[in-house]
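Please work from the sequences and hints to get the whole structure.
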Amino acid sequence: MTVNRQDYLNRLINRRLNGMVKVITGLRRSGKSFLLFNLYRSYLNSIGVDDAHIIEVALDDADNYVYHNPRKLLKYIRSKIVDSAEYYIFIDEIQFVKSVKVKDPEIENPESITFYSVVNALLRLRNVDVYVTGSNSRMLSKDVMTEFRGRGDEVRVRPFSFAEFMSAYDGDVRDGWDEYLEYGGMPLAVMAKGHEAKSRYLKNLFEETYLRDVVERYRIRKPAALNDVVNVLASSVGSLTNPERLANTFRTVKRESILPKTIGAYIKKLSDSFLVDGVRRFDIKGRKYIASTLKYYFADVGLRNARLGFRQNEPTHLMENVIYNELVTRGYDVDVGVVELFGKDERGNGLKKQVEIDFVATMADKRYYIQSALKIDDDEKRAQEVRPLIKVGDSFTKMILVDGKRVPRRDEAGNLVVGVIDFLLDPGLMV
Numbered sequence: 035m036t037v038n039r040q041d042y043l044n045r046l047i048n049r050r051l052n053g054m055v056k057v058i059t060g061l062r063r064s065g066k067s068f069l070l071f072n073l074y075r076s077y078l079n080s081i082g083v084d085d086a087h088i089i090e091v092a093l094d095d096a097d098n099y100v101y102h103n104p105r106k107l108l109k110y111i112r113s114k115i116v117d118s119a120e121y122y123i124f125i126d127e128i129q130f131v132k133s134v135k136v137k138d139p140e141i142e143n144p145e146s147i148t149f150y151s152v153v154n155a156l157l158r159l160r161n162v163d164v165y166v167t168g169s170n171s172r173m174l175s176k177d178v179m180t181e182f183r184g185r186g187d188e189v190r191v192r193p194f195s196f197a198e199f200m201s202a203y204d205g206d207v208r209d210g211w212d213e214y215l216e217y218g219g220m221p222l223a224v225m226a227k228g229h230e231a232k233s234r235y236l237k238n239l240f241e242e243t244y245l246r247d248v249v250e251r252y253r254i255r256k257p258a259a260l261n262d263v264v265n266v267l268a269s270s271v272g273s274l275t276n277p278e279r280l281a282n283t284f285r286t287v288k289r290e291s292i293l294p295k296t297i298g299a300y301i302k303k304l305s306d307s308f309l310v311d312g313v314r315r316f317d318i319k320g321r322k323y324i325a326s327t328l329k330y331y332f333a334d335v336g337l338r339n340a341r342l343g344f345r346q347n348e349p350t351h352l353m354e355n356v357i358y359n360e361l362v363t364r365g366y367d368v369d370v371g372v373v374e375l376f377g378k379d380e381r382g383n384g385l386k387k388q389v390e391i392d393f394v395a396t397m398a399d400k401r402y403y404i405q406s407a408l409k410i411d412d413d414e415k416r417a418q419e420v421r422p423l424i425k426v427g428d429s430f431t432k433m434i435l436v437d438g439k440r441v442p443r444r445d446e447a448g449n450l451v452v453g454v455i456d457f458l459l460d461p462g463l464m465v
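Residue numbers for the sequence shown follow the working numbering, beginning at 35 and rising by one.
The reader is advised that the hints may include incorrect statements.
Listed next, the in silico PhoX-like pairs over lysine-lysine satisfying Cα-Cα at most 20 Å (straight line) [unchecked claim]:
| # | residue 1 | residue 2 |
| --- | --- | --- |
| 1 | K415 | K425 |
| 2 | K409 | K439 |
| 3 | K132 | K109 |
Rather than coming from a laboratory, the hints here were simulated on the basis of the structure.
Listed below in structure tokens is the structure:
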């Protein structure tokens, strides 16, 4: 069954022939190649582009290893451009192109030819539209955008959203929600049948692809320590932490010494590989970021569960992770909100404490404050979720997302209470 990733397809269609290199990034095996080589190629064919004018190079294919040399890659692509009609160039997993120090008068900066040199050379041709995919966020650093001279345009692809998952799921939506929380949205895991096949695929993908990529790419000398950091992050999804806290955890619980600097470097490498995202805390009243601790979420809850052997499937934290992924998939900038509450202790002394709003989602002039609450059936739990929202004090929409399906309604404080399934399946609730 094919999942029509229309949102991503539209992003490519809207960028067609815009004079920029379209950089399609995301976790390996999340569907970047399928989007480009299947869905987008079919679209181009449908508007009259013939196959001869679509040049594809998949650099993770053993038959194409010769094109890891940038000179040979550029020579091959140029050999395929034989007329003045528009050509579409697809280069998959472009980070495999190696830097080569040779002299070549046809390429700028001939002392070091890289994939940037190849792409910039192609961009100078008048009849090409260039698309590349990559699985490393270093491709999108300021240095890379400088290399492309402001002509890089990113499309970030993530694993299937819940709505995409349900388009391929044959069953009741509530059963689908339970399965999504367990196995996530990695395309091949979604298509696999049964727990054994799904869990084996996800475990092998994490160990044999993602972690091996990180170890080999960055020449990690202590892979066991990297594995320990991954396990701690997976066990504490949505919890505040930082390298110093993690170092203390290793020292007191595991009797293991890992420097905070090393832990921070490992987390950055995991983030660069799109496995985890760190979310900063934002002081809503003070309008400033709080730099001490972050919350970390996995790109896919199925991968997180597989890493822990499907033994720590806490619905509260997994639901929060899914909501975060949905918000960034929809294009929102996401922070953890912080507000201060004031009160008095039993002696009448003033008290001040910080409380959190799970997510502050911002896009241009739109903002949403969102609490993830598995249940708010009792008064104490409801008050706990509502209190931070009341203290915000502005007129932007406040939402409380609860487990399952629930018809959207306003509570007495004006907060929109919505079932998480309804929220994930209806983007129109954020308008």
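Each hint, compared with the structure:
Pair hint K415 plus K425 holds up; C-alpha atoms about 17 Å apart against a cutoff of 20 Å. For the proposed pair K409 and K439, the alpha carbon gap of about 12 Å is at most 20 Å, so the pair holds. With a C-alpha separation of about 15 Å, the suggested pair K132 and K109 falls inside the 20 Å cut-off, and the hint holds.
In summary, the structure agrees with every hint in the numbered list given earlier.
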